[in-house]
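A.B. asks: Combine both chains into one complex, guided by the hints.
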Amino acid sequence: MRFYRKYIKKYGVLASITIIFLMVEALCDLFMPTIMSRIIDIGVAQRDMDYVLKTGGLMLLITAVGAVAASMRNVFASYVSQNFGSQLRFDLFAKVQSLSFDSLNKFDRASLVTRLTNDVNQIQMFANGMMRIFVKAPLVCIGGLFMATQLNPDLAVVLAVVVPIVGLLIFLNLKIGFPLFLKVQQALDRVNGAMREYLAGVRVVKAFNRFDFEVGKFTRANEELQTKSLSATRVMSVFSPAIMLVVNLGIVAVLWLGGLGVEQGNIQVGHIIAFINYMTQILFSLMMISMVFNMFVRARASAGRIAEVFAEENRMSWKEDAALGQEPGEEKGRIDFDEVSFSYEGEDGQPVLKRISFSCLPGETVGIIGSTGSGKSSLVNLIPRFYDVTAGTVRVNGRDVREVDPARLREKIAIVPQKTTLFTGTVLENIRWGKEDATEAEVEAAARMAQAHEFIAATPEGYQTRVGQGGVNFSGGQKQRISIARALVKKPEILILDDSTSAVDVATESKIKEALQTYAKGLTCILIAQRITSVMDADKIIVLDDGEVAGIGTHETLLATCRVYQEIFTSQIGKEVG
Amino acid sequence: MSKQQKELPVFAPGPGRGFRHGGARGPVSKPKNFSATVKRLWQAFGREKRWLPLVFAIVCADGLLMLSAPYLIGKAIDAMTGIEQSFSFLSIIILALLGSYIADGALTFLQGWLIAGITQRIVTNMRQALFEKLQKLPIAFFDSRTHGELMSRLTNDIDNVSNSISQSTTQLMSGVIAIAGSLVMMLVLSPILTLACLITVPLVFLLTRTIAKRTSVLFKHQQSELGKLNGHIEETISGIQVVKAFNHEEKAIADFAAINDRLCKVGMKAQIWSGFLMPIMNVINNLGFAVVAIVGGILAVKGMITVGVIASFLSYSRQFVRPLNDLANIFNVLQSGVAGAERVFEVLDEREETLDAPDAAVLAQPKGHVVFDRVSFGYRPDQPILQNVSFEAQAGSMTALVGPTGAGKTTIVNLLTRFYDVTEGTIYLDGKDIREYTRDSLRRSFGFVLQDTYLFSGTIKENIMYGKPDATDAEVEAAAKMAHADVFINRLPKGYDTQLTENGGNLSQGQRQLLAIARVILARPALLILDEATSSIDTRTELIIQDALAKVMEGRTSFVIAHRLGTIRDADTIMVVDRGEIVEKGSHDDLLAQKGMYYQLFYNQFKNLYAASS
Chain L
-13 MRFYRKYIKK
-3 YGVLASITII
7 FLMVEALCDL
17 FMPTIMSRII
27 DIGVAQRDMD
37 YVLKTGGLML
47 LITAVGAVAA
57 SMRNVFASYV
67 SQNFGSQLRF
77 DLFAKVQSLS
87 FDSLNKFDRA
97 SLVTRLTNDV
107 NQIQMFANGM
117 MRIFVKAPLV
127 CIGGLFMATQ
137 LNPDLAVVLA
147 VVVPIVGLLI
157 FLNLKIGFPL
167 FLKVQQALDR
177 VNGAMREYLA
187 GVRVVKAFNR
197 FDFEVGKFTR
207 ANEELQTKSL
217 SATRVMSVFS
227 PAIMLVVNLG
237 IVAVLWLGGL
247 GVEQGNIQVG
257 HIIAFINYMT
267 QILFSLMMIS
277 MVFNMFVRAR
287 ASAGRIAEVF
297 AEENRMSWKE
307 DAALGQEPGE
317 EKGRIDFDEV
327 SFSYEGEDGQ
337 PVLKRISFSC
347 LPGETVGIIG
357 STGSGKSSLV
367 NLIPRFYDVT
377 AGTVRVNGRD
387 VREVDPARLR
397 EKIAIVPQKT
407 TLFTGTVLEN
417 IRWGKEDATE
427 AEVEAAARMA
437 QAHEFIAATP
447 EGYQTRVGQG
457 GVNFSGGQKQ
467 RISIARALVK
477 KPEILILDDS
487 TSAVDVATES
497 KIKEALQTYA
507 KGLTCILIAQ
517 RITSVMDADK
527 IIVLDDGEVA
537 GIGTHETLLA
547 TCRVYQEIFT
557 SQIGKEVG
Chain C
18 MSKQQKELPV
28 FAPGPGRGFR
38 HGGARGPVSK
48 PKNFSATVKR
58 LWQAFGREKR
68 WLPLVFAIVC
78 ADGLLMLSAP
88 YLIGKAIDAM
98 TGIEQSFSFL
108 SIIILALLGS
118 YIADGALTFL
128 QGWLIAGITQ
138 RIVTNMRQAL
148 FEKLQKLPIA
158 FFDSRTHGEL
168 MSRLTNDIDN
178 VSNSISQSTT
188 QLMSGVIAIA
198 GSLVMMLVLS
208 PILTLACLIT
218 VPLVFLLTRT
228 IAKRTSVLFK
238 HQQSELGKLN
248 GHIEETISGI
258 QVVKAFNHEE
268 KAIADFAAIN
278 DRLCKVGMKA
288 QIWSGFLMPI
298 MNVINNLGFA
308 VVAIVGGILA
318 VKGMITVGVI
328 ASFLSYSRQF
338 VRPLNDLANI
348 FNVLQSGVAG
358 AERVFEVLDE
368 REETLDAPDA
378 AVLAQPKGHV
388 VFDRVSFGYR
398 PDQPILQNVS
408 FEAQAGSMTA
418 LVGPTGAGKT
428 TIVNLLTRFY
438 DVTEGTIYLD
448 GKDIREYTRD
458 SLRRSFGFVL
468 QDTYLFSGTI
478 KENIMYGKPD
488 ATDAEVEAAA
498 KMAHADVFIN
508 RLPKGYDTQL
518 TENGGNLSQG
528 QRQLLAIARV
538 ILARPALLIL
548 DEATSSIDTR
558 TELIIQDALA
568 KVMEGRTSFV
578 IAHRLGTIRD
588 ADTIMVVDRG
598 EIVEKGSHDD
608 LLAQKGMYYQ
618 LFYNQFKNLY
628 AASS
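Protein chains in written order, with this note's numbering: chain L, -13 to 564; chain C, 18 to 631.
A few chain C residues that face chain L, going by a derived Cβ cut-off under 7 Å, partial list only:
hint, residue
1, T125
2, A307
3, D457
These are computed hints drawn from the structure, not numbers from a lab.
Glycine included, C-beta positions come from ideal geometry on N, C-alpha and C.
With the rest of the complex left out, here is chain C (with noise of 0.2 Å):
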C-alpha cells in the first residue's frame, strides 16, 4: 500500500516545477536515434558506473520488502480470524511487518540520497563538457544560431536528461519487479481471483492507448496555437508603439481574439480527453476492488481461499496495476530525456575550430604589417561575400574601409583575425601566412572596439583588466586616463570597483565605448580594428571617443569601418568596398580627385556642410 505514496510529486515545492495532473501530457520530443544516444548516454555516467550495481540492489531489495508486506498483513489477518489463531503467531508476524517497513523507509531514503549524488554530478559534468566544448567552436557556429537556442540546451534539455536520470530509471526498475511480483505473489495465493483481477488489466491498456493516442495529437495542436499566441503578445507587446501610432489596437485584439478562441478550443478538448484518464484509472481501481472484494468473498465463502488472502489481494492488485498506469509516463519522461541529452551531443559533436598547425609559430611581437593576397571567401560556398581581394597595409598605417552596408567589410576584418578562415588567397601577417601561427597569438596581437562594445558582469577594473589579467591598478587607472574614461569612472561612488550588471547595462553606450578604449589601451595590441566604433554615439560624446581612439592608433596598424566618413579622412589608405570587391583604393585626396564612388559617398555627405563653411 506504500508504493503509490512514493510517486506523489509533492515532494518537489521547488518553483518551476509544475504540476501534473493525472495523464495531462504535454507533447513529448522524441529522440532521432534513441540506441545510439542511450549508449552515449551510458557513457557519460562515467566513474558513476561504479554505484549502480549499490543503486539496482537495493531497489531489488526494496520491491522485494514491499511485495511482502501485504503478505504478512494477510497473513495477520488470517491469525486473527482464527485459522491459525495465535496471538503470539500474531505477535510474530506484526514484528516481521514492522521491521520490513522500517527496512523499506532506510532503503527508499539510501537510495534517493544515492540517486540525488549520480544524478547531479552527471549532469553537473554534462553541463560543464558542454560549455568548454562552446570554448572551441568557431564563430560560424554562433553566427548560425540564436542564442535561445543554445540557452535552451542548457537548461531544458540537460533537465530533461536529469529528470530521466533521477526518476525514470529506478521507477522502471521498482516498476517492473512489483508487476512482475504481484503477479507471481497473486497466483501462488490464488490462481482464480488473480484472473479475475486480471481482468481489468487490458482495460487499462486499451484506454490509456486511446486516450494518449487523441491526447498526443491534440497537445500538440494546442502547443503550436500557445505558441502562435505568444508570438503575437510577444510583437504587439514589444512594439506597441507602433501599434497604438497607428491606431492598430482593434486589429490587434481581433487577431489576439481569433488565436485565444481556437486555444480556448483545442486546450479544452486536450484537457478534457486527458483529464478522462484519470477518472476512468480509479473507477478501473474500484473496479478492481469490487471483482477482488465479490469474487473473493464468494471463494471465502465456499472456504477455498481465507479472507487474509482478500486482504493481501486487495493490495496486490494495487501494486500490480499502479506502475503498469505509469510506464507510459516513465517511457515519455525517459524519452524526452534522451531526447534532450542527444541535442546536448549534437553540441559537443559539432566540428571545433581547426587545431594549431603542429608546427605553428607563436606571434610574439608583431610588426603589424598586413598582406591580403587574392583572398576569396563565402559563409556558404554558392555565396561568395569576398572576391578576389588584394591590399597591402604598412606596419603602424591606418587603413579605413568604406562602403555600403553588406559589402563586406566587416568580414575583411573577420578573415585577419581567423574568426573565419580564407576560402581562397592567403592573408600575411609580417610575411607569414596567419594560419602558420598559433591562433592564440595571432588574436593577441588584435584590439578591437565594436560598434556593441561587449563588457561582462563584474567590477570595471575588472573589465579593463579583461585583456591583460595581471595589469596593476595603476596601469589600469593610467589606460582608463587615457581613454578618458577617467572622468566618468571617478565620479561613480564605487570609483573602479563599481559593479557593473549584465553587460553593462548602468553604463550609458558612451561610457560602455570610452571602457572597451581602456581595455585595448591596457593590452596593448599591435593591430587594431575598430568596426563602426562611434556609430551609436551621439556627435558631442564622439569628439572624446576620437580623440581617445587617436591616442590608441599611433603607431599601430589600424582598420577602420566607419559610415561617417569624417572620421577617417586622414586615414593613410581608404578602401571602398562594394559588392565583395576592393572598387578604389588610395588617400583621401586621391579618391576625391578620381571623382569615382567615393566622392559620390562624399559629397552626399558632405556637399553642404563645405558650402557653408567655406
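Excised from the complex, chain L in its bound form (with noise of 0.2 Å):
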C-alpha cells in the first residue's frame, strides 16, 4: 500500500495546514463552556456588570475566531480532498491503460470499474472526512476531558464512570451491529438476485407459466430480508437509547454531586453548568470516533483494492529504435508463427496454443476455423502483442514482436474484436478511431465497403448519428458493421476480423468479403469464422482444433484430408451431401 506515499508528498502540507485550523476551531469549541462559566460563578455572582460584558465580548471573539478558523479550513479541506481525489483517480486510470493484457486479466473488468469509481470516492471520503471532523472528534474528547477534570477533579468521577461504559456500549454496538448489517446486505442481494433473474428470464417464466414458482421464490428472499433488517435495526434501537440513558444518568450524578458540593461550599454552580457542557461535548466526540472507525475499515478496504492495481506492472519489453516498415527488405503484411505455444497463466498453466507453426504471406487472406474454445481468438491477439508467447516466436513483417513496440505495432494492424465495441459519440467519430484525421470521403469510403453507408445514410442525421449512451440503437449486425468500417479507415497492413459478421446475414457478409477483395490487393487479412461458407474461398484455411493446428491447406485439400475439417464441413450442409 505503498502507492499514497506519492499523495502524501504532494498534498501533506496542504492537509497540515488544514489540520492546524481544525485544532483552533476544537479549541475554541473547548474554551467557551469555561469562560461561560466564568459570568455566572463570578460576574453574576459578584453583580459585577462590567465583568459580564467583557466576558462575553470574549466569548464572541473566540467565536469569531472559530468561525474564521473553520471557513478556512473547510476551503482547504475542500481542496485538498478533490484535488486528491482528482488526482489518484487519474493517476489510476492512466495505470489501468498502461497495464497489459496479463494483468488486467487478474481483475474482472466491472471490478476495475468499481475500483475507478466507488473505491476512489471511499478514499476520498476518508480524506475529506479526516480533515473535517475525525481529527476534531479526538481532539475534542481528550481536550474535553481534561478541561473537564481541571475545572472541577471532583466531579470528573462521573466522567470517569460514564465515558468507559459510553465507550463500551459504541464498541458492542459496532460488534453487534456490524455482523447483522452484513447479513441483511447478503439478504438483499438474495432478493436482488430473484428479481435480476426473473427480468433476464422473463420470456421462460412466461412460456412455462411458473408464476407461483417465481413468487414463492421471491416471497422467501424478501420475507429473511424483513426478518435480518428487524433484527439488525432492533438491535439498534436498544443501543441508541441506551447510551443516552448512560449519559443522562451522567448528568443526574453531576447534579447530585454538584447540589453536594455546593452546599459544602466547594463547588461553584457556573462549573456544574460547565460540566454539563463539557460531557455533552465529550459524548458528541466519542460517536464520531466510533464513526471514524467505521469509515477507516472501508476505506482501508478500497485502498487495498486500488494498491492492487498499482502493484501491477507492464512488463512487456521492446527495443527503442525498433520500428516496423524500416527496413528495406521487410515484406509487408506478412506474419509467422514459428512453434508458438501460450498460456494465460505463463510458462507452467494449461496451454491455449500448442506450437503453432505456419506463415501468411502479403496480401494473403487467411481463415482460421475450429470449435469454441480451441484457442481461434487466443492465436490472433498474439499478433498486436495483447499477448506474448510463452514459447516460440510471433514475426511480423520478419521481426520478432517481441522486439517492437506495441504502439508502433498496433498502427499497422485493424482488429475488428468478436463483442462489437462503440463509444459514445456520433457514427463518424466512431469511424475515426481508426484514422483520427481521416477526411469524411475517406470514412465514407470505408462504411461503403463495410456495406454501412447504406443505413447510416437512411438515419435522419446520418454520420452525425450518436451512438452509445443516450444514442441511436443500431442492431447487432449494423454496429459490426461501422465496426469493421473503424478498422478498414485505418488502412492497415493486417487486418484481423475475429469472427466480426456473425450477426451481419449472409448476403450482406459476402458484399463485404467482395468490397475487401477488391479494396484489399496486398491487405494481410485473417479471418476467423463459425460458418464454413465464410472462409473457404480463404487462400489457406488453419484448422484449429484444442489448440493445436489440425491442418492447413485450401478448402479442396482439407476436405480431402483434415478430418476436423470434415466434421465441421458435414455438421453445415446437411446430411445427406457429406
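C.D. replies: Here's what the structure looks like:
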C-alpha cells in the first residue's frame, strides 16, 4: 500500500495546515463552557456587570476566531480532498490504460470500474472526513476531559464512570451491529438476485407459466430480508437509547454531586453548568470516533483494492529503436508463427495453443476455423502483442514482435473484435477512431466497403447520428459493420476479423467480402469464422482443434485430408451431402 | 441536551450507508404529484395504521419529557444557588429528572422498536406487490425498459421509501414538538431572554437558504459530471481491447483528464459551499450561547432571572435551533421517499396483460394446427412490423422461417405465443382464435428453444423440471438422455444435483442449450419454437444438438428460425420473410426452382460447398 506516499508528499503540507485550522476550531469550542462558567460564578455571583460584558465580548471574539478557522479549514479541506481524489483517480485510470492484458485479466472488468469509481470515492471521502471531523473528534474528546477535570476534579469522577461505559456500549454496538448489517446486505443481494433472474428469464417464466414458483422464490427471499433487517434495526433501537440514558444519568449524577458540593461550599454553580456542557461535547466526539473507525475500515478495504492495481506492472519490453517498415528487405504484412505455444497463466499453465507454426504471405487471406475454445481468438491476440507467447516466436514483417513497441506494431494492424464495442459519440467519431484525421470522404469509403454506408445515410442525421449512451440503438449486425468500417479506415497492413460478421446476414457478408477483395490488394487478412462458407475462398485455411493445428490448406485439400474439417463441413451442409 | 445525540448517524454501521457531512446533501429527486402519492402511500400503510396512534402518543410523550429536562436542571441549579435553598427540594428535582430520563430511554426504545417493525412490514409488502405485479405485465413492458431501471425501483426507490418512513416522519413530529415546546417554555421563563435568543433564528434561515440554493445547483452539476466520468470509465474499461488495438490509450486518458478536471472543480465548489453549513451552524450555536450568557448574565445581575433560568435557556435554545436546521434535511428525505414511492406506484399502475375472456377455453390436448389469417402487427402503431401475413401449418409439420435480420421472423412466433397480440387479423390454433384460449393453457402447449437459453440458479434437475414440476427422477433422466445432455451431466461431480450459478454461468453455451432441450422434452409440448437455437454454438456441438432437436420435433408442429440454411432443408414448408411480409413459401426444392430470394440466400451460402462436394 505504498502508493499513497506520493500523495502525502504532494498534499501533506496543505493537509497539515488544514489540520492546524481544525485544532484552532476545536480549541474555540472547548473554551466556551469554561468562559461561560466565569460569567455565572464571577460576574453574576458578584453582580459585576462590567465583568459580564467583558467576558461576553471574549466569548464573541472566540466565536469569531472559531468561525474564521472553520471557514479556512473548509476551503482547504475541500481543495485538498477534491484534488487528491481527482489525482488518484487519474493516476489509477492512466495505470489501467498502460497495463497489458496479462495484468488486466487478473481483474474482473466490472471490478476495475468499481475500483475507479467507488473505491476512489471512499478514499476521497475518508480524506475529506479526516480533515473535517475525524481529527477534531479525538481532540475535543481529550480536550473536553482535560478541561472538565481541571474545572472540577471531584465531578470528574462521574466522567471516569460514564465515558468508559459509553465507550463500551459503542464498541458493543459496532461489534453486534456490523455482522447483522452484513447479513442484511446478503439478504438484500438474494432479493435482488431473484429479481434479476426473473427479469432475464421472463420469457421462459411466461412460456412455462411458472409464476407461482417465481413468486414463491421471491417471497422467501423477501421475508428473510424483512427478518434480518428487523433484527438489525431493533438491536440498534436498544443501543441508541441506552447510550443516551447513560449520559443522562451522568448528568443527574453531576447535579447530585454538584448539589452536595455547593452545599458544602466547594463547588460553584457555573462549574456544574459548564461540566454538563463538557459531558455532551465528549459524548458527541466519542460517537464521531466510532464513525471514524467505521470509515477507516471501509477506506482501508478500498485502498487495498486500489493498491492491487497500482502494484501491477506492464512487463512487456521492446527495443526503443525497433520500428516496422524501415528496413529495406521487409515484407509488408507478412506474419510468421514459429512453434508458438501460449498459456494465459504463464509457462506452467494450461496451454491454450500448442506448437503452432504457419506463415501468412503479404496480401494473403487466411481463414481460421475451429470449435469454441479451440484457441482461435488467443491465436490472433498474439499478433498485435495483446499477449506475449509462452514459447516460440511470432514475427510480423519478419521481426519478432517482442522487439517492437506494441504501439508501433498496432499502427500496422486493425482488429475487428468478436464483441462489438462502439463508444459514445457520433458514427463519424466512431469510425474516425481508426484514423483521427480521416476526411469525410475516407470515412464514407470505409463505410461503403463495410456495407454500412446505406443504413447510416438512411438515418435522419447520417454520420452525425449518436451511438452508445443516449444515442440511437443500431442492431447487432449494424454495429458490427460500423466496427468493420472503423478498422478499414485505418488502412492497415494486416486486418484481423475475429468472427465479426456473425450478426450480419449471409448476403451482406458476401458483399463485404467482395469489397474487401477488390480493395484489399496487398492487405493481409485473417478471418476467424464459425461458418465454413465465410472462410472457404481464403488462400489458406487453418483448422484449429484444442489448441493444435489440425490442418492447413485450401478448402479442397482440407476436405480431402482433414478429419476435423470434414466434420465441420458435414454439420453445416446437412446430412445427405456429406 | 440529549436530543442532539439522537440524530447522529453513528448507529448505522451497515454497508451501503454513506456518511453524510453536515449539510452535504445530494440532489433530491422531486415527486411529480406529491399529495396524490402521499395519499397512496398512506393506503399502503394498510393494517399498520393501527399502530400509528400509539407511535404518535409515544413521540408526543417523549417530546414533552425532553422539554421538562432543561426546566428541571434549571430548578436544580436554583436550588443550589440558594434562591430556594433546601437540599430535600434538590433531591426531589433530581429524582424527577432521573425518572424523566429513564422514561425517555424507555420511550425512545419503544418508538424505535415499533417503527422498525412498521417500516419493514410496509416495505416488504411493497416489494412483494411490485414483484407480483411484474408477473402480470406483458412482455412489451420488459422489452421497453432496461433491467437496471427496474432493479433500481426495487432497490433505491424502496430504500428511499423506507428511510423516509422510519426517519423523517418521527423526526418531523418530534422536531415540531421540540420547536414549539421550547418556544413556549422559553417565553414562560423569560420573554426578554427569548427575544435575545431568537435573534439567531432569521440568521439560520437566511444562511441555510442561500447555501442550499447554491449547493443544489452545484450538486446537480456534479452529479452529471460524475455520470459522464463513470460512463467514460465503463466504456473504456469494457472496451479496453479496442482502445489498445487502435492505440487510443493517450486519447482515452486525455478525455478522462478533461472530465475529471471539470468534476474536480465543480466538486470543490459544491463541497466548499455545503461545507460552510456546518461551521456556520456551529458559529450560530456559539453565538446563541454567548448571547444567552451575556443577556442572561445582565438580567441575572439585575435580579430579573435566576441562574437556573440561564442553564435552562442554554438547553432550550439548542433544542429550538437544531430541529430548525434539520427540517430542511428531513424534508429532502421525505421528498425523495415520496418520489421513490411514486416510481414504484408507476409500475404498479402499468397496464397488465389483458385478462382472459371470461368464457376462454382451456386448450387441453392441442393437435397443433396453426393458421395465420391476414395478420398485421406493429410494436408501435406508426411502425408496422408485419403486414397481412397469412399461412397455414398442418399438425405435426415443420415450418421454417428464413430471411434477413429484422424481417419479422421472431415477431411471428411472439404473436403465436401471445407475448404480443395481433393488431389486425386472427391467428387460429386447432380452428379457434388463440385469444379464445386461456393464456396459461396456450403457452403450456408450446416449447421454446431460443438462441440464448435462460437457466435459473438452482440444480440441473430443478432446471430440467422447470416445465413439469412433478416429474420423477426417472423422467428427468430420460429427458436428459434423449437430449444427449446425460453425458456431460454424469461427468459433473454432483450430477443432476449440481448447483448452477446465475444464468448457468458455469456451463458452456452448448451444455446450456442441451439442458433447455431436455426441459422442452420433459414438458412434452404439442408445438415447438426454435429461434436460432444453434446459432451461437460451434458446428461440432451443433451436430449433437441437431440430433437431439430432430427427436424433439418428431410428431410436433414446429417453427424453426435459422440463419444456417443447412439446418432447415428438411422442413415441410419454408417461408421467406422480408420487410414484414412473406415473399416466398414452399419446400426447399420448390423454392430453389423458383430462383427467387431463397435461391439467392441459399446460393450465397452453399454454392461453393456444392461445387466442392460434387
